[in-house]
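J.: These protein sequences, in sequence, are chains A and B. All the letters of the first sequence, read from the start, carry residue numbers 1 to 424 under this note's numbering. All the letters of the second sequence, read from the start, carry residue numbers 425 to 675 under this note's numbering.
Read the hints as simulated data drawn from the structure, not as lab findings. Note that this is a predicted model, so its numbers are computed, not measured. Don't take each hint at face value.
Claimed, not checked - Just so you have them, the derived chain A footprint on chain B, three or more residues with Cβ under 8 Å: (1) 436 to 450; (2) 470 to 480; (3) 527 to 535; (4) 548 to 561.
Each residue gets a CB set at the ideal place from its N, CA and C atoms; glycine is no exception.
Residues per chain, in single letters:
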Amino acid sequence: MRQAKIARNIALGIENLLLHKLRSFLTMLGVVFGVGSVVAMLSVGEGASAEAMDQIRRLGSNNIIISSVKSAEEEQAQASVQRSRISVYGLTYQDFTRVAASFNHVKQAAPVKLTRKDSRLRERSMELRVVGTTPQWFDLVPREIVAGRVLMQADEDERAPVAVLTEFGARKILATEAVIGQTIRITGNEFKVVGVVKSESGQAGNIQIPDQEADVYIPLGVARTYFGDISIRQKSGSMEAEQVQLHQIIVQVEDSRYVEAVAAGIERMLEQFHNKKDYAISVPLALLRQAKATKRTFNIVLGSIAGISLLVGGIGIMNIMLASVTERTREIGIRRAIGAKRRQIIYQFLIETVVLSTTGGLIGLGVGVLIPFLITYFSGMATVITLNGVLLPLLISMAIGILFGLYPAMNAAKVDPIIALRHE
Amino acid sequence: MDGPSAPRNGQEIVRLENAHKIYQMGTEQVNALAGVTVSFERGSFWAIMGPSGSGKSTMMNILGCLDRLTSGSYYLDNQDVSRLDDDALSELRLTYLGFVFQSFNLIPQLTVQRNIELPLYYLGWDAARSARRAKELAEEVGLGDRLHHRPTELSGGQMQRVAIARALTNDPQIIFADEPTGNLDSATGEQIMELLDKLNQLGKTIIMVTHEPDIAAHARNRLHMIDGVIDRIETGTYETGKDRQKHSAGH
């Protein structure tokens, strides 16, 4: 019964608003744009941050990544000397042993040695990034195995010349041929392909995801023996040689609680053994936290913009409703004379405002869902529409109707029927 | 206050006792009603007459529960309504009274049916029952085929019929008519008066404000006001010679 009455009131409100279609539409336009922009902005923001967080999470939230970097002094020295010279920097095998052994909460660690080498399979050839590492690598940076197996401790112990390719690399170099058991030549050395893993690439924050599309993984000992620690690059007339033992150490901590403490410990330890700052420590967990903080800031900014646009929409509605009350003074007088109570007049106008603002909210929602869809379609940017991102603006638009409708409705209720009936 | 002056007559529907209404106009006080004591019987037909400023409109607003007395008492059907609040007065208007105005006061954006249904909406009737009642009343005033027209598509006489139908919707005890023929030509006015006469014969109490003696002649009782007090009360049908002249001139 009560529901039927509310439904009837709403129906009458809609009927009344439909008498002035253009005016009603223009009135709700502010809310349409307000809600539309909120929904669209939220979904774009949500999409961007979800993508960033996913990438950071893929680095492993329990991991610490230590990378070799050429220190600033080294860079300068090399530039000023202007002739061939070997610059020595970065992480050492000893660093790895120390890091892996010295901390209680370190579960496991993997050393990474990177070189770029021409690899060929019969007549096909391409440059691959050769990653010398230990079997732990595949635990720390989990990748799906497409075929065969990953590296094993036995490979390391026996210095076996075996290689694991990425799916993308495998396709490039081996084309249609069966992969496992093939032999590829990496600068003259033969390796037997024992497995293929899924490839992944990209950036997370400013850390390079620790594998790339065209990687080939070989045992660290083999890499060291075959390729040594010195790499030489041709560079505009001069040669540039670098001696780096390890390019990365990936450390996995038992529990995310200890990640930051262990990272600080590693930092202090490396400080002791390196006289230059030729390493960098990045902690995905810290990045994740930072990304969350950024997202929060972003949400506050978006929220304020949204709040302002909805406020403007609400004021627009209030303005028109105030004018409408003045215009309908006589109608209000008639209703009051017939026996409508003040409360019922308030309801009548409030329902009209809420219907207006909610309809505006719904149209805005439609617009707001369409925009991210178009953005994704045309620019490929990820957008995410969450339930909150939809319900919140809708509830807010309803609340705006009540908030900004209350004052005009009260004005309407204050109309004195005697004066109103004389109103022309 | 109401102890010694309790209602005495079972037939009485309206009684004012020493009714005062004072308006504040700037610094000046206007005594719109300056001590009126009068009583109307159930089923009677009264015309309240007087020049503008005599207090007849104020009288109408007070009796119609649209306004409250400054002092004095108003008994409506033996109930003292002079101290009731706004909601209670609204409720009285809704259930007990019907109004017909000079300028019809229909809501222009609503159809005839919706206008007639209006009191039922506030009485909480459902849509189907309201529609039936509206149709019934529209037929009674001879507008059964105009239900879905808007007031702007009707003639003055038709609009006033709709207003009368609306005033009847809640089956009121008293119908208040404020210059009901003021905006109509005399022939149409006469038809409207016939309708009111018929309603009076069916037992409705009618209280009408008018300044036209011709129209007032339909009422069995005529109350003449001047300067906020009762000048004289006439009872019985009458037609002055002047009125008769005017009447024949109109034809």
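J.: Compare the structure with each hint and give your call.
T.: Hints, one by one, checked against the model:
1. Note: the region 436 to 450 of chain B has 0 residues with beta-carbon separation from chain A under 8 Å; the three-residue rule is not met and the coverage is violated.
2. Taking a C-beta to C-beta cut-off of 8 Å, the region 470 to 480 of chain B contributes 0 residues in contact with chain A, too few for the three needed, and the coverage statement is violated.
3. Chain A is given as covering the region 527 to 535 of chain B, and this holds because 4 residues of the stretch bring a CB closer than 8 Å to a CB of that chain, at least three being needed.
4. With a cut-off of 8 Å between beta carbons, the region 548 to 561 of chain B has 3 residues touching chain A; three or more are needed, and the interface restraint holds.
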